[in-house]
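Participant: Residue strings, one per chain:
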Amino acid sequence: MPTDVSAKPAPEEVPAPARADSGAGAATSEQAARRVPGEGAHNQEGGVPRAANGNAQGKQAAPAARSGPACDRDTAANKRVEHPRRPRVVLAVLLVLALAAMFAFMTLGAQGSWSFILPFRATKLAALLLVAYTVAVSTVLFQTVTNNRILTPAVMGFDSLFVLGQTLLFAVLGSQATLSIDPRLRFLADTVLLVVFAGLLYRWLFSGGERSLHLLVLVGIIFGVLFRSLANFVQRILDPNEFAVLSDTLFASFNSIDKTLLAISALIVALVTLAGARLFHTFDVLALGRATAINLGVAHRRVVTLVLILVSILVAVSTALVGPVLFFGLLVSALAHYLVGSHRHRHLLPAAVLLAVVLLVGGQVVLERVFAFNTALAIVIEFLGGVVFILMILKQSRAR
Amino acid sequence: MIVTHSVSKAYGRTLVVDNVSLTIPGGGLTSIIGPNGAGKSTLLSLMARLLPMNAGTVTVDGLDVTQTPDAQLAQRLSILRQDNHLSSRLTVHDLVSFGRYPYSKGRLTTEDKVYIERALAYLELEPLAGRFLDELSGGQRQRAFVAMVLCQDTDYVLLDEPLNNLDMKHARGMMKILHRATRELGKTVVLVLHDINFAAWYSDRIIAMREGKVWASGSVETIIQPEMLGQIYDMEISIHRIGTRPIALFYE
Chain A
0 MPTDVSAKPA PEEVPAPARA DSGAGAATSE QAARRVPGEG AHNQEGGVPR AANGNAQGKQ
60 AAPAARSGPA CDRDTAANKR VEHPRRPRVV LAVLLVLALA AMFAFMTLGA QGSWSFILPF
120 RATKLAALLL VAYTVAVSTV LFQTVTNNRI LTPAVMGFDS LFVLGQTLLF AVLGSQATLS
180 IDPRLRFLAD TVLLVVFAGL LYRWLFSGGE RSLHLLVLVG IIFGVLFRSL ANFVQRILDP
240 NEFAVLSDTL FASFNSIDKT LLAISALIVA LVTLAGARLF HTFDVLALGR ATAINLGVAH
300 RRVVTLVLIL VSILVAVSTA LVGPVLFFGL LVSALAHYLV GSHRHRHLLP AAVLLAVVLL
360 VGGQVVLERV FAFNTALAIV IEFLGGVVFI LMILKQSRAR
Chain B
0 MIVTHSVSKA YGRTLVVDNV SLTIPGGGLT SIIGPNGAGK STLLSLMARL LPMNAGTVTV
60 DGLDVTQTPD AQLAQRLSIL RQDNHLSSRL TVHDLVSFGR YPYSKGRLTT EDKVYIERAL
120 AYLELEPLAG RFLDELSGGQ RQRAFVAMVL CQDTDYVLLD EPLNNLDMKH ARGMMKILHR
180 ATRELGKTVV LVLHDINFAA WYSDRIIAMR EGKVWASGSV ETIIQPEMLG QIYDMEISIH
240 RIGTRPIALF YE
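Chains A and B, in that order, are what the protein sequence lines are. Heads up, the first sequence is in numbering that gives the first Met the number 0, so the first residue is 0 and it goes up one at a time. Heads up, the second sequence is in numbering that gives the first Met the number 0, so the first residue is 0 and it goes up one at a time.
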């Protein structure tokens, strides 16, 4: 009987009534269906372990016997089953936290007229929200298409590439000429450059086939260091005056956000989101890896290239707004995966965005209003993210 | 019908698949056997467009695999490779549900759910449906992946060493299920096998490869012969008969 071939009692799970001897004659087809196909061939050895297991499972077996196969299946699986409501609960909690953080950010410690404070803080909040969104979405999508949980666009040096682009522009054109260009145009030009270059580089790295994750981490970190060092190098040979102007435009932070770019950034992010929405159904499949994604009919090379382009644009936006943030994305994405416990991007992406908002806006409120620190948020977030990064590498190496 | 026409694939300068032209008719179970490095897995990957080929064409029912849209091909042909590393944490049910992606693009219909339940039942995975894959043994995980591929409901199912990680009992179970799928569901199953006795027992056709070439192909009777196997594997293999069926002995 073919149904019997791989149905065998597994010691931990099989309720006593389903425990028929493995001969096909003893098992009715219903019993066969209820049995748990397990691995260990050892449980065929004799009656003793089986009897012991039967006793141990006696209590669980009783309700199974009463309510039939469906319930039987539940008792076998319910210990580890994915909780269907968990992602929604997590999302709801995160939404409340994010709204609370935004509310606190707008209202806490206000001195002076509201008509000044509210618009002033609203611009800053909008920028923070944009950054949270771009960092979270770009990191989660990057990790999905590259099929890993450790690399992020920041670790791979995407944002250093953006800095390098800006620096080279200053070095080649000089600050006068560069600054006379509309900052939005400059931003667009730099974004296009970044997209082209990053697109080529990461397409070469990631779409050729499957490469070892360790190789990728190494290559990524080396590229990141290379771009950062190159940017540093060019900055060093710049005229000191030029450098002063450059660092003024370049080293934005969570506290001094470049507001000229806010509107165009929002527009770009909206467009990217629209484009991403059309690919949304492929994300869950892409996370299964290249071979499986192709098998399931995803045009892997094309889709991965598209996603990497979208990711590059998002990274350009966030880097233009607040400068490079190395580990923030990693922190957010790792926490999102951990909290949501689901592979579905319709849960993962919102969770990551909300987490980023909570960390960024909430962190800003706590540090500014509660501890009266001004510049520490980036450091705190980078520290936490760095710790998560190290933990993930350790976990990965232990898993092997 | 899968037709490869002068297919070649090289890694650097080494030719792994060398000008292979063969025809795998629809229906039945076809095994590809051969020593390590004969190009079996590569050929399978080329047929399923997982690797780009250097020369030649592969058609599946007349559709060129490199030209046909992936989504369309995914409803005709499915492939499962040996090592399926997942970075996301999935339950067995989630994984099998992905088999319906080519049809429903992630929004499962009631019809899809019927297919999912059927595939789970076919591989006797119902009791494990809610378990996460990383909590399963290698063999159970293997079955979950095969269930996904069957859930995809393609006419052609290509499997690269599906018996890897399986003990004797589960290996036999897997072969029976695949054989049954060719008979009951009318699938065309093509698989790479290392165990020539499994190939001899369950196959309708055997393709023997060596050094990137198809050395011989045909019915079990024509391939499972001492001289033939001796040439392919470069070792002495004797054939005995159990009833009428050939069994190869190569342990001494």
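It should be emphasised that the hints constitute simulated quantities derived from the structure, not laboratory data. Warning: the hint list may mix true and false statements.
A few chain A residues that face chain B, going by a derived Cβ cut-off under 8 Å, partial list only [said to hold, decoys possible]:
| hint | residue |
| --- | --- |
| 1 | Asn147 |
| 2 | Gln234 |
| 3 | Ile236 |
| 4 | Leu237 |
| 5 | Glu241 |
| 6 | Ala243 |
| 7 | Gly275 |
| 8 | Arg277 |
| 9 | Ala286 |
| 10 | Leu287 |
| 11 | Gly288 |
| 12 | Thr291 |
| 13 | Ala298 |
| 14 | His346 |
Note that the coordinates shown come from a computational prediction; the quantities given were computed from them, not determined experimentally. Beta carbons are placed, not taken as given, at the ideal position from N, Cα and C, and that holds for glycine.
Participant: Run every hint past the structure and note whether it holds.
Facilitator: Structure-based check of all given hints:
no. : hint   : result
1   : Asn147 : holds, 6 Å
2   : Gln234 : violated, 37 Å
3   : Ile236 : violated, 41 Å
4   : Leu237 : violated, 42 Å
5   : Glu241 : violated, 44 Å
6   : Ala243 : violated, 44 Å
7   : Gly275 : violated, 15 Å
8   : Arg277 : violated, 11 Å
9   : Ala286 : holds, 5 Å
10  : Leu287 : holds, 6 Å
11  : Gly288 : holds, 6 Å
12  : Thr291 : holds, 7 Å
13  : Ala298 : holds, 5 Å
14  : His346 : violated, 12 Å
When the structure is compared with the earlier hints, violations turn up for hints 2, 3, 4, 5, 6, 7, 8, 14 and for no others.
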